[in-house]
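Q: Okay, here's what each chain looks like letter by letter:
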Amino acid sequence: MNAESEIVLQLSQISKRFGRLLANDQISLELRRGEVLALLGENGAGKTTLMNILFGHDVADSGTIALFGHPLKDHTPRSALAAGIGMVHQHFTLADNLTVLDNVILGTEPLWRPWQNRRAARDRLMQLSKNFGLSVRPDARIGDLSVGERQRVEILKALYREVKILILDEPTAVLTPQETEALFATLRKLTQSGLSIVFISHKLQEVMAVSDRVVVLRSGKVVATVQTAATSPAKLAELMVGQPLPKMQREAMTPGQPVLTLNKVTVTASDDRPLLENVDLRVREFEIVGIAGVSGNGQGTLFNLVSGLAAPTQGTIELYGKPIAAPSPLGMVQAKVARIPEDRHTTGLIPDMSIWENLILETHQEPGFSQHGLLKREAAHEYAADLIQSFDVRCPSPDAIVRLLSGGNMQKLILGRVLSRNPKLILASQPTRGLDLGAVTYVHQQLLNAKARGAAVLLISEDLEELLSLSDRLYVLSQGRISESLKPEAVSVRDLGLMMAGKPGQVTDAA
Amino acid sequence: MQLSQLRLEPRESTPLWLAAVAPLGAIVAALILCVPLVSWTGVSPFQSYGVMLRGAIGSGFAISETLSRATPLMFTGLAVAIAFRARFWNIGAEGQFYAGAVAATLMGTGLITLPPILMIPLILTAGFLFGGLLLLLPALLKTRLSVDEVVTTLLLNFVVLLIVSYLVEGPLKDPSALGWPQAVPIIDQGTFPNLLGRSHLGLIIAVISALLIWLLNDRAVLGYRMKAIGANRIAAQFAGIPIDRIILATALLSGGLAGMGGVSEVAGLKGYLSLDLSPGFGYTGIIVAMLAQLHPIGVLASSIFIAAIYVGADAMSRAANLPSYLADVIVSASLLCMLVSILLTRYRVRWK
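Sequence order for the protein chains is R and D. Counting with the working numbering, you get residues 1 to 511 for the letters of the first sequence. Counting with the working numbering, you get residues 1 to 352 for the letters of the second sequence.
FYI, nobody ran anything at the bench for these hints, they're computed from the structure. Virtual Cβ for every residue (Gly too), placed ideally from N, Cα, C. A couple of the hints might just be wrong.
As the list claims (entries may be wrong) - Over 12 Å on every C-beta distance to chain D, these chain R residues come out as not near it, computed from the model:
1. 10
2. 126
3. 149
4. 252
5. 253
6. 312
7. 345
8. 369
9. 380
10. 385
Stated by the list, open to error - Ranges of calculated distance between the beta carbons of each label pair, as one might list FRET restraints:
11. 54/D x 389/R: 53 to 61 Å
12. 140/D x 386/R: 24 to 32 Å
13. 33/D x 18/R: 27 to 35 Å
14. 377/R x 347/D: 26 to 34 Å
15. 140/D x 389/R: 42 to 50 Å
16. 140/D x 422/R: 38 to 46 Å
Using the sequences and the accompanying hints, generate a full structural model.
A: Shown next, in the form of structure tokens:
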């Protein structure tokens with residue numbers, strides 16, 4: 001909005017230190033009435049810390065917060081709510097077993113009143129829902145709702161409490177493109193009604209699309225505050241990373257022999273619910289095949305299947321043209337399948353063990369690393385030191401505990417562990433989630449290099465931009481069913497979004 | 001509220017001096033915390049602690065008493081430490097201890113007679129197998145049917161005690177014991193030689209076991225896998241480590257160590273199996289292992305510490321007429337203080 005609008009929130013010189021890490025360093029920013037202020041920065045830039053301070057979860061070491069011109073003291077989440085600050089967290093804070101209406105009024109009514117004024121509450125909820133285009137079913141149980149619907153409930157919950165300032169933490173991470181569009185339309189309506197919004201994101205396109213002004217954070221500092229209209233994605237990326245990003249080298253190649261083939265694979269859960277249904281899939285040498293979809297639509301099962309953790313209920317998996325009789329993680333490792341799991345902390349690595357111990361996790365039983373039941377510690381150390389160097393892992397030594405590394409360095413460890421073995425098949429699930437732009441580029445380049453060496457790559461991702469820029473072919477996974485093979489250049493983001501939502505060919509009333 | 005001003009922030013690394021000082025600090029803190037209780041009995045705490053210290057380590061006799069009391073704790077402490085490191089919650093060291101003692105009694109009371117050089121290893125092996133196989137049952141229930149091992153190992157303790165009760169009243173009862181419920185004594189060839197006072201060969205076996213486990217933890221593939229499973233089972237499974245097999249191996253080792261403890265107590269100290277062979281050595285082993293932060297060498301130290309408190313408290317109660325239950329209080333306070341000190345080595349406290 002215009003520069004003369006009233007300043008509703010002013011942060012001055014906020015600093016917060018966690019141990020040796022200065023998470024926020026003298027951050028100052030102001031939020032004006034009726035604007036969308038984007039807070040842009042990579043993971044670890046200090047966005048979340050700043051918002052936790054604003055919402056009262058954390059206390060700043062120094063600096064002041066002023067709301068509508070009044071300084072805030074003894075800040076707690078309760079007082080933040082009372083002062084009109086609402087926050088929609090990345091991970092929703094709704095009670096799954098209650099209805100939408102119950103969730104919205106939860107905490108707004110006095111505890112000891114024997115009755116609830118549900119009719120009035122419902123009317124107000126429906127009014128808000130209508131005014132801002134946030135359609136919800138008040139009597140539906142939260143557990144039955146989609147992620148997009150849950151987010152609408154979260155926003156309504158804040159509006160019901162008459163917030164003046166709404167903080168959205170990475171709100172689009174879990175949405176389809178259509179749902180994202182709808183969210184942006186809502187945000188515009190909200191600002192027109194006088195609300196101020198802080199939009200936290202690391203996605204440049206979205207920041208460009210939705211915000212009025214952008215505050216760019218890097219390593220805990222404000223590096224720039226710019227009008228969105230006067231900047232460009234490339235400019236913002238450079239501000240965010242601090243240097244121009246290297247260009248990826250992508251070449252079209254002729255695919256070779258099939259490496260991984262799924263024939264009519266069905267996997268059912270223990271309660272007979274189908275997790276994957278009749279999935280046909282083929283990945284060949286020299287190609288990257290992308291799997292698009294909103295998480296929870298069978299990606300996890302597909303990953304477990306190919307990584308050896310699950311077996312098909314029906315159908316067959318073939319590796320190098322031969323069916324796999326009894327899949328096991330070790331069997332897959334020995335068959336030169338590189339597996340890059342979605343969750344680095346719980347599946348990929350053992351955070352409380354050292355770097356060298358993590359690097360030999362899959363291969364410690366091989367003669368290079370053990371003999372007569374004893375580990376060859378020197379060999380493992382040397383191997384770790386080599387990988388640390390060739391994969392540019394920033395760490396004090398191979399003996400360092402993995403927990404202390406950054407997300408990007410953890411991912412480099414996993415990449416080093418699996419890619420240094422010249423795998424024939426690479427299975428990667430969300431390999432760049434939570435990484436900063438530099439690390440994302442690095443991971444992408446590694447996958448492209450592997451493809452150029454002749455590896456087959458199966459890339460499961462929720463990031464459409466990533467899929468479209470890397471994949472030679474694409475499949476969409478929705479409710480356990482897989483689409484036809486698609487060419488990224490021949491399919492629009494809008495069509496992909498519809499297929500992800502499970503309604504190919506339909507036109508929705510979204511946006 | 002004042003408490004809300006206290007925050008814990010994780011440390012990136014623990015300074016070496018802190019890791020070394022923290023256990024000692026915890027013990028000092030525990031002794032200080034118990035001062036009011038000791039004073040309440042009407043004796044000066046300095047005097048009581050002085051008597052306790054002299055009673056525990058003040059003479060050759062005191063030291064030998066402490067060491068012989070520490071020996072069974074070393075075995076059960078090692079048993080618990082090795083299992084807990086793999087996150088296999090063996091609460092049943094008490095039962096495995098008795099199983100080992102039963103094995104020693106079955107093999108060592110005249111069934112076979114061999115020279116000591118063969119007899120002692122034979123009953124140790126039998127005790128190891130009895131203890132290990134006993135724990136294999138909960139381990140199999142866990143790996144096959146996901147039955148919680150905390151419940152099964154704990155309840156098996158009572159089953160074993162009832163079986164022992166039957167044995168010492170019935171088939172294994174010593175007819176020359178004037179009707180006391182105790183088993184036939186171990187033959188001379190199976191009896192452990194004494195070292196100093198009442199301390200015996202079991203101490204040396206415990207120390208060697210601790211060293212071997214240290215080696216296993218630090219150098220062996222099995223130890224590495226046990227650690228990996230304990231630290232992150234999901235990642236270990238994902239990496240292809242055979243979880244079930246490692247859990248079973250861990251159970252065999254853990255139960256076996258506790259079983260050897262039972263052999264050592266019967267053949268080294270008491271001479272015969274009875275129902276009061278263990279005043280809860282299996283449960284105290286959990287405290288020993290926690291105090292040692294699951295490190296085998298730490299287990300040796302914490303066993304001696306806890307044994308010293310019990311032996312010292314006995315001396316104190318004789319000299320100053322204090323209840324020896326004070327020892328239980330001091331041991332419990334030490335454990336609580338140790339848990340706090342572990343927390344403080346990982347987090348720093350900040351006041352805001």
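Q: Confirm or reject: residue 369/R is not an interface residue toward chain D, with every Cβ-Cβ distance exceeding 12 Å.
A: 9 Å, violated
Q: Quick check for students: does the CB of residue 10/R sit more than 12 Å from each CB in chain D?
A: Holds, since 22 Å exceeds 12 Å.
Q: Once the closest CB in chain D is found, is it more than 12 Å from residue 345/R?
A: About 8 Å separates residue 345/R from the closest Cβ of chain D, which leaves it inside 12 Å; violated.
Q: Holds or violated: is the Cβ of residue 385/R farther than 12 Å from all Cβ atoms of chain D?
A: The claim holds: residue 385/R sits with its nearest Cβ about 19 Å from chain D, beyond 12 Å.
Q: Starting from the range 53 to 61 Å, see whether the pair residue 54/D and residue 389/R falls in it by beta-carbon distance.
A: 59 Å, holds
Q: Take a look at whether the Cβ-Cβ distance between residue 140/D and residue 422/R falls inside 38 to 46 Å.
A: Check passed, 40 Å falls within 38 to 46 Å.
Q: Determine whether the non-interface label on residue 126/R survives the test: each CB of chain D must be over 12 Å from its CB.
A: Holds: least Cβ distance 38 Å, greater than 12 Å.
Q: Beyond 12 Å from every Cβ of chain D: is that where the Cβ of residue 149/R lies?
A: 30 Å, holds
Q: Over 12 Å from every CB of chain D: does residue 380/R meet that, or does the non-interface label fail?
A: 10 Å, violated
Q: Hint says 24 to 32 Å; check whether the CB-CB distance for residue 140/D and residue 386/R agrees.
A: At roughly 42 Å between Cβ atoms, residue 386/R and residue 140/D fall outside 24 to 32 Å, so the hint is violated.
Q: Is the Cβ of residue 253/R more than 12 Å away from each Cβ in chain D?
A: 30 Å, holds
Q: Please check whether residue 33/D and residue 18/R have a Cβ separation lying inside 27 to 35 Å.
A: 32 Å Cβ-Cβ, so the 27 to 35 Å window holds.
Hint compliance for this structure: hints 7, 8, 9 and 12 are not met, and every other hint is.
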